[in-house]
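**Q** Sequence:
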Amino acid sequence: MHEVTLQINLSQGDIPYARLTVPALVGAHRANVDEKIAVVDCCRPQKTQIIDPDRRFPEPEFNIRVKQICTIAEELKKEGYLDRIIYLWPDDPLLKTISRKFMRNIIKETHDCWGIALMQYIVALESCATRYIIHYDGDMLLYQASGYDWSVEAKRLMEKEPLAVAGSPRSSPPFGSEKEELEALKKCEVPIAPTEGGWLVSWFGTRCILLDLYKFNRYLPLLKGRYVIEVLTRKYLKRSYPPSFELLMFYRIGGCGGRRITLGSRKAWTLHPPYKSDGFLKLLPRILQTVRRGDVPEAQRGRENINLSDWKNFLQDS
Numbered sequence: 001m002h003e004v005t006l007q008i009n010l011s012q013g014d015i016p017y018a019r020l021t022v023p024a025l026v027g028a029h030r031a032n033v034d035e036k037i038a039v040v041d042c043c044r045p046q047k048t049q050i051i052d053p054d055r056r057f058p059e060p061e062f063n064i065r066v067k068q069i070c071t072i073a074e075e076l077k078k079e080g081y082l083d084r085i086i087y088l089w090p091d092d093p094l095l096k097t098i099s100r101k102f103m104r105n106i107i108k109e110t111h112d113c114w115g116i117a118l119m120q121y122i123v124a125l126e127s128c129a130t131r132y133i134i135h136y137d138g139d140m141l142l143y144q145a146s147g148y149d150w151s152v153e154a155k156r157l158m159e160k161e162p163l164a165v166a167g168s169p170r171s172s173p174p175f176g177s178e179k180e181e182l183e184a185l186k187k188c189e190v191p192i193a194p195t196e197g198g199w200l201v202s203w204f205g206t207r208c209i210l211l212d213l214y215k216f217n218r219y220l221p222l223l224k225g226r227y228v229i230e231v232l233t234r235k236y237l238k239r240s241y242p243p244s245f246e247l248l249m250f251y252r253i254g255g256c257g258g259r260r261i262t263l264g265s266r267k268a269w270t271l272h273p274p275y276k277s278d279g280f281l282k283l284l285p286r287i288l289q290t291v292r293r294g295d296v297p298e299a300q301r302g303r304e305n306i307n308l309s310d311w312k313n314f315l316q317d318s
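1 is the number of the first residue of the sequence shown in my numbering; add one for each residue after it.
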């Protein structure tokens, strides 16, 4: 037993590419995990001061798309990429349980103020049967050198570092020189501290992360101290409420000294597509193939979000 679960978030927005990204992510970790899970978010984001679901996620189109992503998830399971699928519906009794356990019954909404999943992440943690969970958002692209698994190294380093609640690979392709890398580190918005195998940071990005749930659970509930007052104020004033899962972990875990190890190894890194245009979807099979080899446009180095114009030129010339 590895005591590790691989978990991938899926929603109706992942329909165009889930059949490509999920097999790639599973292939990177299959040999080192005990179970492969998908959590499928079937809940329509609630209305906030920023998002109007009737305009952004109109019915009946939203419900039709939910059925489509559910079908894709079942197909991926039949093909052996998933062992278990958890469907999160608006009337799921688990929502009340995790609201009480993680949020002190203060936050009950399924999505944050931007319409991005919130409870989906927490359902994944609550449903995990192992100590460690590797989480990916369904749109993530990963490079990993042959014979290497970043989660194995991260787990080893986390076991040695008492403050490390989480670990992750580089969030972008590395720079070509050490000088460029040092300059980039100086510009980081959150404090970083060198540690064995990488850097310790207080920010807990949720796109790709390995969590030690034994350590994580010590910080529950996630709403505590002065941040409770801030969240309640935002809820009352309807300003930037609910907060993201990343912010909840940053204020609670990072604020109490918990840290995430960002691996320094160049053997693994991720890329994130901020926009899923038709042009991106058309190039995605080639982008995935190129990333698998570790090749990227020079302009992509040090940048976590895919710039489609750079990739168009790069693939045209290659």
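Among the hints, a few may not be true.
[As the list claims (entries may be wrong)] The calculated lysine to aspartate or glutamate pairs, modelled on EDC-like cross-linking and capped at a C-alpha distance of 20 Å, are: (1) Lys267 / Glu246; (2) Lys108 / Asp83; (3) Lys78 / Asp91; (4) Lys267 / Glu230; (5) Lys77 / Glu61; (6) Lys267 / Asp278; (7) Lys77 / Asp34; (8) Lys215 / Glu161; (9) Lys101 / Asp54; (10) Lys47 / Asp34.
[Said to hold, decoys possible] Simulated restraints, written as ranges between beta carbons of each label pair: (11) Gln49 / Ala193: 30 to 38 Å; (12) Glu59 / Ser277: 47 to 55 Å; (13) Asp278 / Ile50: 19 to 27 Å; (14) Glu126 / Ile229: 33 to 41 Å.
Hints are computed from structural coordinates only; laboratory data are not their basis.
No residue lacks a Cβ here, since even glycine has one placed at the ideal position from N, Cα and C.
**Q** Look at each hint and say if it fits the structure.
**A** So, going through the hints one by one against the coordinates:
With a C-alpha separation of about 25 Å, the suggested pair lysine 267 and glutamate 246 falls outside the 20 Å cut-off, and the hint is violated. Between lysine 108 and aspartate 83 the CA atoms are separated by roughly 29 Å; this puts the pair beyond 20 Å, and the hint is violated. About 27 Å separates the Cα atoms of lysine 78 and aspartate 91, which puts this hinted pair outside 20 Å; it is violated. Under the criterion of a C-alpha separation no larger than 20 Å, the hint pairing lysine 267 with glutamate 230 is inconsistent with the structure, at around 40 Å.
Between lysine 77 and glutamate 61 the alpha-carbon distance is near 25 Å, which puts this suggested pair outside the 20 Å criterion. Annotation: proposed proximity of lysine 267 to aspartate 278 is violated, straight-line Cα distance about 30 Å (limit 20 Å). Distance check on the hinted pair: lysine 77 and aspartate 34 sit about 15 Å apart at the alpha-carbon level, within 20 Å; holds. For the given pair, lysine 215 sits about 11 Å from glutamate 161 by alpha-carbon distance, which is consistent with the 20 Å threshold.
Taking the CA atoms of lysine 101 and aspartate 54, the gap is near 31 Å; set against the 20 Å cutoff, the hint is violated. Restraint check: the Cα-Cα separation between lysine 47 and aspartate 34 comes to about 38 Å, which exceeds 20 Å; the hinted pair is violated. As the Cβ distance of glutamine 49 to alanine 193 is approximately 36 Å, the hint placing it in 30 to 38 Å holds. Between glutamate 59 and serine 277 the CB atoms are about 24 Å apart, so this pair departs from the stated range of 47 to 55 Å.
Hint check: aspartate 278 to isoleucine 50, Cβ distance near 25 Å, so the stated range 19 to 27 Å holds. A C-beta distance of roughly 26 Å is found between glutamate 126 and isoleucine 229, which places it outside the suggested range of 33 to 41 Å.
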